[in-house]
Structures are given as C-alpha cells and as structure tokens.
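First to last, the sequence lines map onto chains A and B. Numbering of the first sequence is given in my numbering, commencing with residue 40 and proceeding in unit increments. Numbering of the second sequence is given in my numbering, commencing with residue 40 and proceeding in unit increments.
Simulated from the structure, these hints should not be mistaken for laboratory data. Certain hints may be false.
The list makes no distinction among identical chains, and a pair is therefore deemed to hold if it is satisfied within one copy or across any two copies.
Claimed, not checked - 30 Å max Cα-Cα, derived BS3-like pairs, lysine-lysine:
hint, residue 1, residue 2
1, Lys-219, Lys-60
2, Lys-323, Lys-301
3, Lys-315, Lys-162
4, Lys-60, Lys-162
5, Lys-303, Lys-172
6, Lys-164, Lys-60
7, Lys-164, Lys-301
8, Lys-303, Lys-219
Computed from a predicted model, the values in this text were never measured in an experiment.
Number of protein chains: 2
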Amino acid sequence: MPRMALPFGDDVAAVDIGRGKLAVLKSDMLVDRTDAPKEMTPWQIGRKAVVVAVSDFASKGVRPIALLTSVGMPRELPKESIEQLARGLEAGAREYGVCIVGGDTDEATDIVIDCVGFGLAQKGKIIPRAGAKPSDILAVTGLFGDTAAGLRVILERTRVPNGLRRRLVRSVLMPEAQLKMGLALARTGVVTSSIDSSDGLAWSLSELSRMSRVGFAVENLPVSPLAERFARITNTDVKDLVLYGGEEFRLVVTVRADRWSKAKSAANRAGGTLYKIGETTFEKRMILKTPGSRASRIRPVGWEHFID
Amino acid sequence: MPRMALPFGDDVAAVDIGRGKLAVLKSDMLVDRTDAPKEMTPWQIGRKAVVVAVSDFASKGVRPIALLTSVGMPRELPKESIEQLARGLEAGAREYGVCIVGGDTDEATDIVIDCVGFGLAQKGKIIPRAGAKPSDILAVTGLFGDTAAGLRVILERTRVPNGLRRRLVRSVLMPEAQLKMGLALARTGVVTSSIDSSDGLAWSLSELSRMSRVGFAVENLPVSPLAERFARITNTDVKDLVLYGGEEFRLVVTVRADRWSKAKSAANRAGGTLYKIGETTFEKRMILKTPGSRASRIRPVGWEHFID
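Sequences are here, hints too, so could you generate the full structure?
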C-alpha cells in the first residue's frame with residue numbers, strides 16, 4: 040500500500056491523490072441479525088447504516104461528500120419494507136448533508152447494508168488514532184451508558200419505568216454521529232488523536248492506546264444521568280454500562296494540555312461539550328482511578344463481548 | 040446530487056472534486072448463495088468479487104487505485120475458508136494492480152462481499168453509457184457464450200466431453216475483467232459509449248439503448264467457438280447462450296464509424312480484439328439480423344432471468 044496517509048486499521052482509509060489532498064474512504068457493513076435489535080424498523084436500520092459510516096468520518100474530522108449504499112435483502116422482504124429502508128438511508132444522508140451517489144442491490148438471507156463514505160481532506164489535517172502523547176488531556180464529546188442500558192432493556196427485557204425505558208431504547212434505535220463536533224475539533228489543530236466509540240469506550244481507549252503507544256488514566260467516568268438512574272433501579276454497576284457498552288457514537292479524543300481551552304470552546308461553539316475524563320500516560324496501561332475508589336484496570340473489550 | 044458527472048445508474052458514480060478531476064466510485068455486492076455456484080472455492084469467490092468491481096472501472100476506462108472490501112460471514116465458517124477468501128481478494132487486487140486499503144467484517148448468514156473501487160478520472164474523459172449516436176459502430180471486446188454454457192454445465196449438470204466441460208466451467212469460476220482494454224479504448228477518445236456485459240449481452244445492449252436513446256442492429260453474433268461446440272452437442276440455440284447469458288465480463292462499446300480503425304488498433308496493441316457486431320440505429324429497437332436468417336427482436340432481459 041504505497042500511498043496511505045493513515046495506517047491500516049484507523050477509522051478510515053486515506054489515499055494520497057496529489058496536490059496535498061487525500062481521498063478518504065470508509066465502508067461499514069451492518070447486518071440486521073447482528074447489528075439491529077428486532078425493535079428497529081427498516082427505516083431505522085437504513086438510517087443507522089449511514090450514521091455508523093458518518094461517525095467514522097466525524098472522528099477523523101473529515102466531511103463525507105458522497106455515499107455508496109449496497110443492500111442485500113431476502114427475496115420475500117415486503118416492498119414496503121424495502122421502500123422504508125431506502126427512505127431511512129436517504130434520511131440519514133440528508134441529516135449529515137451527504138449525497139448517496141450509487142450502490143448495488145443483491146439477494147441475501149439477512150438484510151445486509153454496506154455503507155461507504157467518500158470525502159476529501161488536506162494532507163496532515165486528518166486526526167489519526169496514533170497521535171496521542173503522554174500528558175495530553177483525554178476527553179469525550181458526550182456522556183456514556185444510555186445504549187448499554189437500552190440494549191439491556193431491549194435484549195434482556197430489563198424492566199424500568201416507561202419514560203426511562205423510552206429514552207434508553209431511543210438511544211439505541213436513533214443513534215447520532217457527531218459530525219459537526221468532529222469537524223470543529225479537527226479545525227482547532229490541537230486534537231492529537233481521535234476515534235469513535237462505536238465498540239464501546241473501553242475498546243476505543245484500548246485502540247488509541249495500542250496505536251499511539253501510550254496509556255490512559257481515567258479520573259472522571261462520563262456517566263449519563265439516564266444510565267445512572269437505570270443502574271440505581273436495576274442494581275447494575277454503572278461503570279460497566281459506561282465502559283463496556285457500545286453502539287454509542289461519541290468521539291474519544293486526546294488534546295494538547297496547553298491548548299485545552301481552544302478545543303473546549305470549539306466544542307461549545309459547535310453546540311456540544313467536551314468532557315475531560317483523564318489524561319494520557321507514558322506507561323501503556325489503562326487505569327480507572329475515580330475519587331474515593333481503588334484504582335482498577337480498564338479491560339480492552341468491546342461491546343461484542345457484552346452481548347455474547 | 041449536485042456534482043455528478045455521470046447519471047445515476049451508469050456503471051460507476053463520478054463526483055466532481057474540482058480542478059477538472061472526478062472521483063470515481065463503485066460498489067458491487069456479491070452473495071455466495073446467489074452469485075457463486077457451489078463449485079466456487081472461497082478463494083475464487085474473493086477473487087471474483089474484485090473482478091466484478093474492476094470490470095465496471097474497465098468499462099468506463101478508469102483505473103481503480105484503491106479497493107475497500109467488506110465481508111459478512113457465517114460464524115461457523117472455518118478459519119481456513121476465511122483465509123482463502125482473503126487471499127482471493129488479494130489475488131484479484133494484485134491481478135489488476137490495485138490496493139485493498141480498508142474494509143469491514145461482520146457476521147452474516149451468507150458469505151457477502153461488498154467490493155468498492157475508487158479511482159480518479161479527468162472530467163470529460165470517462166466513457167458514459169449515454170453517448171452512443173446513430174451510425175456508430177457497435178463492438179465487443181471478446182466472444183460470448185462460454186459462461187452461459189458453463190452455468191448450464193454446473194447448474195443443470197448438462198453432460199459434455201471433459202475437456203470442453205473444464206474450459207466452460209473455468210470461464211465461470213475464473214472470470215476476467217478487461218481493464219487493460221478499457222483503459223486503451225478510453226485513451227483513443229473515439230469510443231462514444233460503453234458498458235460491461237456482467238448481466239448478459241442483450242441486457243447490456245438494452246441499457247446502452249435506453250440511456251443513449253438509440254437502437255442497435257446486430258449483424259454478427261460474437262459467438263465463442265466453445266459455446267458453438269456446446270450448442271451443437273447439446274442441441275441448444277447458440278444465440279441464447281450469446282445474448283442471454285451473463286457473468287461474462289466483456290465490454291460492449293460504440294465507436295465513431297470514421298475512427299473505427301483507431302479503436303481497432305488500440306485494442307490490438309492492448310493485446311485483444313475489438314469485434315464489430317453491428318451498428319447504432321436512430322430507431323430505438325434492438326434487432327438481430329444475421330446473414331441468411333430472419334430479423335428478430337433482441338429481448339431486454341438479463342441473466343437473472345436466465346437462471347430463474
């Protein structure tokens with residue numbers, strides 16, 4: 040691979056196309072059986088396929104300008120479901136200002152959507168997974184735990200009050216990619232590494248750690264209030280919901296400590312919040328050390344393990 | 040879709056990226072159950088997924104420079120098959136001088152491969168489906184019928200001598216994209232429209248006809264000698280093998296009549312042959328009129344109908 044600007048395994052692939060430009064490409068495959076709870080409508084499945092791909096672009100600070108959507112479907116899928124699915128793809132594309140320019144359809148046993156994004160970036164302006172340095176600030180662009188709780192409500196039929204249930208389930212059915220935030224953070228030039236949290240916070244941290252060859256000390260868990268309430272009601276450890284959930288499309292970033300306020304205000308101007316949760320360490324371990332409790336290791340596992 | 044250089048439904052999508060350049064994108068989904076006879080090994084399935092995508096680039100005269108390969112697989116697929124499949128993808132990529140720069144994997148019931156190609160083209164240098172003019176010469180880059188005969192041998196267990204059987208089956212298991220030919224033809228500047236014949240010659244003609252708003256008079260059927268022999272032995276109409284087969288990755292093109300020799304010699308220099316099979320007509324019908332037989336309509340059906 041001669042002209043790769045990012046290593047294999049980063050959130051996107053980037054191909055040098057000359058004149059200081061990179062073509063940025065990413066494909067994400069979604070299979071209904073594995074990636075979509077039965078509660079999801081075809082419209083929501085289509086929309087989610089787009090969100091997943093856009094989130095990878097968000098994490099690199101690159102605007103996707105075109106999508107290809109390849110769809111495999113069972114022959115017996117009702118025409119109405121097919122139309123719903125297509126409308127979901129389009130709705131997702133519109134939400135993030137990107138055009139579906141092509142795709143393919145085929146017959147398959149499952150509903151399979153491969154959503155491919157294409158964008159352009161300036162060389163050197165794309166945020167890699169591999170750029171974190173010791174003493175950088177570790178931050179996230181949202182609070183965690185809603186989708187892990189939502190998946191328990193859906194898959195394990197955990198009982199919680201209706202209002203809470205609705206909001207948790209919605210976080211699973213209607214995920215959101217933080218594209219505006221990712222673009223704003225990239226423009227600051229002070230974000231040293233970034234990844235999206237689609238496979239869970241712990242997994243994202245372990246990927247940043249592995250590719251940047253640093254460790255992390257997490258001092259503040261970014262706990263969502265809904266997840267906290269769910270944990271209290273169901274007697275669940277909220278730490279597990281926050282660290283080992285998934286399908287929660289936040290950005291996990293490291294920021295130069297001396298430029299933290301620049302990143303923080305860029306996030307605010309983009310309508311969001313950057314939450315400081317810890318810092319990058321020279322030692323390549325991932326440690327959770329919250330006030331008043333013992334230090335513990337963060338395990339490098341992702342949400343696939345959570346549902347197994 | 041504001042910046043599309045080719046209409047939706049052409050072989051590839053082309054996005055204007057400024058400075059006279061187009062980003063060319065194409066995804067092709069292959070599902071083993073539908074697109075790969077049982078005789079195909081995982082290596083051959085992987086390789087074929089690449090061939091199918093490359094063939095679309097060939098038909099537009101654009102060199103693919105990067106591929107993304109997303110693969111869905113059953114959980115119980117043996118590790119060896121997975122490795123074979125990956126090696127097949129790589130072998131296909133190497134054959135056509137293109138790099139696999141990314142992809143995704145997921146669990147699915149079938150083996151599903153979505154192969155996405157990316158390339159660059161100069162604006163105005165990409166051969167569309169919609170450019171054929173009346174009186175253009177209609178030509179193909181190879182002879183037809185082998186894969187239709189091969190599929191009958193495989194799917195219907197039609198019995199033919201061993202040597203013939205081997206070669207027909209091979210045409211199905213080891214398809215080839217005519218990339219070198221497509222690039223050479225595009226460079227001549229005298230090819231007015233082009234499509235690949237993955238869905239059969241008749242279907243390709245009907246697509247060129249529909250998008251260029253012309254008709255075709257076919258005077259010479261491009262019959263492969265192997266298909267001819269198969270037809271004789273099995274008492275099959277060779278015309279059906281040639282017109283209504285599929286999975287045969289030739290290029291179907293129209294050429295300015297006054298510049299035919301330029302296209303013909305470019306094809307020769309690329310190591311192949313351009314076969315004149317007829318001409319473009321003002322009247323939007325597709326007619327087969329071979330010497331010594333009655334004129335008949337070419338039906339706009341593709342190979343999906345053939346296997347149904």
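Verification of the hints:
no., hint, in the structure
1, Lys-219 x Lys-60, "both (21 Å within a copy, 27 Å between copies)"
2, Lys-323 x Lys-301, "within (27 Å within a copy, 64 Å between copies)"
3, Lys-315 x Lys-162, "within (28 Å within a copy, 47 Å between copies)"
4, Lys-60 x Lys-162, "both (5 Å within a copy, 18 Å between copies)"
5, Lys-303 x Lys-172, "within (18 Å within a copy, 60 Å between copies)"
6, Lys-164 x Lys-60, "both (10 Å within a copy, 21 Å between copies)"
7, Lys-164 x Lys-301, "within (17 Å within a copy, 45 Å between copies)"
8, Lys-303 x Lys-219, "within (14 Å within a copy, 52 Å between copies)"
Checked against the numbered hints listed earlier, the structure breaks none of them; every hint is satisfied.
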